[in-house]
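Peer 1: Sequence:
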Amino acid sequence: MKFFEEKRREVMKHIEKFMLEKMNEYLKPIDTIWQPSDFLPDSSRETFFSEIKELQESAQGLSYDLVAVLIGDTITEEALPTYESWLTMVEGVSDNEEGGWMKWTRHWTAEENRHGDLLNKYLYLTGRVNMRAMEVSTQYLIADGFDIGTGHDPYRNFIYTSFQELATNVSHRRVASQAKKAGDTLLSKMCGVIASDEARHAKAYKYFIERTFEVDANEAMLAFEDMMRKKIVMPAHFLREIGMKIGQTFGHFTDAAQRLGIYTAIDYVDILKELIADWHIASVTDLKEDGEKARDYIMALPDRLLRVAERMKNPMLEYKFSWING
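In terms of the working numbering, the sequence shown has 42 at position 3, counting the first letter as 1, and numbering is strictly consecutive.
Among the hints, erroneous ones may be present.
As a list, the in silico EDC-like pairs of lysine to aspartate or glutamate whose alpha-carbon atoms are at most 16 Å apart [stated by the list, open to error]:
| id | residue 1 | residue 2 |
| --- | --- | --- |
| 1 | K56 | E137 |
| 2 | K220 | D104 |
| 3 | K52 | D255 |
| 4 | K142 | E123 |
| 5 | K327 | D255 |
| 6 | K242 | E137 |
| 7 | K332 | E264 |
| 8 | K142 | E60 |
| 9 | K160 | E90 |
| 10 | K312 | E264 |
Ranges between beta-carbon positions, derived for each pair [said to hold, decoys possible]:
| id | residue 1 | residue 2 | range |
| --- | --- | --- | --- |
| 11 | E280 | D186 | 16 to 24 Å |
| 12 | E253 | D342 | 21 to 29 Å |
| 13 | P120 | E96 | 30 to 38 Å |
| 14 | D77 | E49 | 39 to 47 Å |
If you are wondering where the hints come from, they were derived from the structure by calculation, not from laboratory data.
Just so you know, even glycine gets a beta-carbon here, dropped at the ideal spot from N, CA and C.
Can you make the complete structure from the sequences, with help from the hints?
Peer 2: Structural data, given as structure tokens:
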């Protein structure tokens, strides 16, 4: 075990120099990147109240399920303290407080922090949301933490973040599209810029794993197989509301997303296919016997999952969330 931990640290040190070279490509300058106030009504202007009225009128066209998904996405974004503390526990990240990986973690967190800020303020202004109920769910999600099956292993963690950033990109992009159809162009723009951030972050984490395959192919393949056998769980899988047990609300949230086509079982398969292609899994060399078996499992998995996904029925059961007024 000590040998594997040491090898992971060596690989993280190796990748770090490439990450620092490309950091400005994956993260934007703080002074010029968008901020929540760029999109929201300005309380210092005389037009503030008329802008809120316009925002509320546009938000009335959003379906119940779409509001539910948006709230779930917002709570997920706002549980950022959990994600930052989890990343700092990854092997090779916090070895040096001033090192490159801690710099990456802090800057990534700073960019992600804007997402929850923007969506939370928007939801508050719509008048459609029971903010206290939503805030309780957010506090629960942070307090409950999460178990995503990665341990402190950087390979498993970056495979997870590669998958997860792609998934959040899909979700925010689809909410943007449906908001536009419903006549809420402001929400559409907001979710569009958030989706763009997520795509950029996914590109970074995919690059980290691509570099890992170059220097430790067998262990990277085994980590990929292990994460896919466990299944990639969403960071909000412990989601709950007032008076409910841990994780009880998550299924209702994902049902709403599935019904709307915001994020589906087919999307899960498509993301897996993208990672297989981007990491050139079919042509990876320097694999041992267990690595070859892991690759065989991964290569066959999309077709297996697709058959299951195609048999799944769209969930019809409607659920009344405590988060939504009326």
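Peer 1: Please verify whether K312 and E264 have alpha carbons no more than 16 Å apart.
Peer 2: 13 Å, holds
Peer 1: Taking only the CA atoms, is the gap from K142 to E60 under or equal to 16 Å?
Peer 2: 13 Å, holds
Peer 1: Note whether the CB distance of D77 and E49 lies within 39 to 47 Å or breaks it.
Peer 2: Because 42 Å falls inside the window, the suggested range holds.
Peer 1: Keeping to a limit of 16 Å between CA atoms, is the pair of K56 and E137 held or broken?
Peer 2: Distance of about 14 Å is within 16 Å: holds.
Peer 1: Straight-line Cα separation of K242 and E137 no greater than 16 Å?
Peer 2: Violated. K242 to E137 sits at ~24 Å, over the 16 Å cutoff.
Peer 1: Could you grab the alpha-carbon distance between K160 and E90 and see if it respects the 16 Å cut-off?
Peer 2: It holds: about 14 Å lies between the C-alpha atoms, which stays within 16 Å.
Peer 1: Within a Cα-Cα threshold of 16 Å, do K332 and E264 meet the stated pairing?
Peer 2: 9 Å, holds
Peer 1: Hint check: K52 vs D255, CA-CA at most 16 Å. Holds or violated?
Peer 2: 13 Å, holds
Peer 1: For K220 and D104, compute the direct alpha-carbon distance and say whether it is at most 16 Å.
Peer 2: Holds, at about 14 Å.
Peer 1: Quick check: does the Cβ-Cβ distance between P120 and E96 fall within 30 to 38 Å?
Peer 2: 35 Å, holds
Peer 1: I want to verify a distance hint. Is the separation of the beta carbons of E280 and D186 within 16 to 24 Å?
Peer 2: 20 Å, holds
Peer 1: Is the distance from the Cβ of E253 to the Cβ of D342 consistent with 21 to 29 Å?
Peer 2: The hinted range 21 to 29 Å holds for E253 and D342, with Cβ atoms some 27 Å apart.
Violated hint for the displayed structure: number 6, the only one.
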